[in-house]
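Q: In the order they appear, the protein sequences are chains A and B. Using this note's numbering, read the first sequence as starting at 1 and increasing by one per residue. Using this note's numbering, read the second sequence as starting at 1001 and increasing by one per residue.
Since the hints were derived computationally from the structure, they do not count as laboratory data. Quick reminder that beta carbons are idealized off the backbone N, C-alpha and C, glycines included. Take every hint as true, because none was put in to throw you off.
Below are the EDC-like pairs computed for lysine to aspartate or glutamate, each with C-alpha atoms no more than 16 Å apart in a straight line: (1) A/Lys79 <-> A/Asp67; (2) A/Lys79 <-> A/Glu157; (3) A/Lys246 <-> B/Asp1271; (4) A/Lys173 <-> B/Glu1207; (5) A/Lys173 <-> B/Glu1241; (6) A/Lys246 <-> B/Glu1272; (7) A/Lys48 <-> A/Asp162.
If we take Cβ atoms under 7 Å as the criterion, some of the chain A residues that face chain B in the derived model are: (8) Gly38; (9) Ser139; (10) Asp169; (11) Pro171; (12) Gly235; (13) Arg237; (14) Leu241; (15) Ala243; (16) Leu247; (17) Val257; (18) Ala260.
In silico negatives: residues of chain B with every beta carbon more than 12 Å from chain A: (19) Ala1020; (20) Arg1051; (21) Thr1079; (22) Lys1226.
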Amino acid sequence: MAIIEFDNVSFRQPSGVMALKDVSLSIEKGEVVAIVGGNGAGKTTLLKHLNGLLKPSSGSVKIFGRDTRDQSVAELSKKIGLVFQNSDHQLFSETAEAEVLFGLRNFGFSEEEAAKRANEVFSYFGLDGLRQRAPLTLSGGEKKRLCIAAVMAWNPEVLVLDEPTVGQDFPSKNRIFATVKQLVAARKTVIVVSHDLEFIWPLNARTVVMNRGQVVADGDPQRIFADGRLLEDAGLRQPQLVALSKLFGRDASFKDVNDASEWLANR
Amino acid sequence: MVDEILSFEDFTFKYAGLNAPTLRNVTFSLKKGEIAVLAGASGSGKTTLLRSINGLIPHMYPGEYSGKVVVDGRLVADTPTYEMASKIGFLFQNPENQIFMFTVERDIAFGLENLGVDRKEIARRVDWALKLLDIEDLRQRSPSELSDGQKQRVAIAGALAMGPELLVLDEPTSLLDPRTAHDVVNLVKRLNVELGLTVLLVEHRLELVAPVADKLIILADGRIWKQGDPQEVLNAEGIHEVGLSAPTVVELQRQLRSRGRWSQRIKLSVDEFYLEASKAWP
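All chains, please: the whole structure from these sequences, using the hints.
A: Dropping the structure here:
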C-alpha cells in the first residue's frame, strides 16, 4: 500500500522560482528510499511537503490516502517524523532526556507512557549515557542520534532524515549509518535525503535522483549509481567503488572494499 | 628559512580555564608553494591550530602558550592581528559570512579599500582576481543571488586580491554539493600551481583532497598523529582509530597488498589506481 503519494506536484516559491516541477512519487509502507541530488535540487522542498509545512502549488500530496491540504501539520507529524539537517534547530531542552519527553508530552502521551518510551529509545539507540547531558554540549553525531531517538519515541510510521551526514566525521557517520540500519530493522518506512553517495551506496536502497526540481531517475540503485553522467549532472559524484567496478568492466558494482579486493585479487 | 611560509615549533597551548592543553608539541612547516591538507576528527584541535595562525591565539584567547608559530618570518605572538591579516587569506565553511557587499566587484574590493590601497591599484587587483577565478561575468551581480559554488569563488577572489603569502581554507566545501566541492578543490590546486600560492586546506574528507596534497598532516587529540607524503600517511595503520577514513581506493590497495597482489606505490585517486593496475595486470 502506498502511504506517500506525490501526484504531479509543482511548487512555486514566493520569488517565482519553481522549486518542484511535476514530481510524481509513490512510497510504500516499509520501503527504504534514498533521495539524492545537489544543492538547490528541491530535496528539502520535497520533504517539507511530507508533513504539510508546504502545500503544492499544483498537484497533490497524499499521506495515508489523505490530501495534506486536509490535515494539520501536527496530525501529519505524528505519522511522518522529520529529522532536520541542522540538529541545533531541533534541540532546545536542558537535558537529552527532557528533549525526548518534550515531544512525547506534546503528542499527549501520559507521563507514565512517555517515561516508558523514553527509556526504550535511549536504550535502543545506545544513548543511555547521554540522558542527563545538555544537548548543546553533545558532539555533532550525538546530537543527530538524539534527534533521531526523539522522533522515534513517538513512533511515527515514516522517518525522514535530511542530510544526516553533513558536517559529521567518519566515526559519527558510521554510527549514524548503524542507526539508519536500526530503523530499517524496526521495519520503519525510511527516507534518507543526501548528496553523500559514499554513505548512501551501502544502504542499497531504492534511489530517487532530483535535479532542478524534477525527479530525473527513480529505482534500482545498481542501475542509477552506474550512470555517472546522470549523477554528475545532478551535482553528485559516483562512489569510488562504483567508479572502480565500471573501469574494470564489472556488470554488478562492488558491494564493499572486501568484495572489490577479492575480485581483483582473483582476476 | 626564507622559503618557509608557515612553521609551528613545539607549540603547546592550553586555553585559560581548561585543565589540559588543546594542542601539544605541534611541529610542522609549510614551504613556499606547498599545498598541505590538515585533517582530524571533530575535537582534534584543528580550530585551535587555525586560531594560532591568524593570531586570535594568543591575542584574543588567553591561555598558556609555549613554542613558536611563525608566518612568513614573523612570530605570530609578537605581531598584531591586522598585520597578520595582510599576509594570510582566510576562508571559512560558509562564504555567506564573508560576503556582504551589493556587487561582486565591491565585495572583492572591500578588503583592499579597508587597507587604504590606491584606487587604481584596487581596480587592477579586482580585475586580476575576477579573471583568475573566471568570474568576470559575475562582476555586477549581487553576491546574494549567486550559487554556493559561485559564492565560494567570490570569497576566494576577495582573499587573493589582498595578495596573501598563505591561503588558509577551513572546510571550504562542507556546504557544497559533491561535484561543486570537487570543482573548488581543483580550483585551489590550480591557483597553487599557477601562482605558486602556499595553501593550508583543512578538510576531513580525504577522498576529496588527498589527490591534490603535497603534504598531509593529521591531528588527533591535540597532537600530530602523522605528517608527510599523503601516500605514506594514508597507508599507515590505525587511521580509523584517529577518527578518519582513507579513501576507498586506498583501502582497496592496502587489502590487495596484504593479499600480495599490490606492491606498487599507493595511488590516491580511482583513475590513477586504474591506470597503474592496467599496467601491473595487463
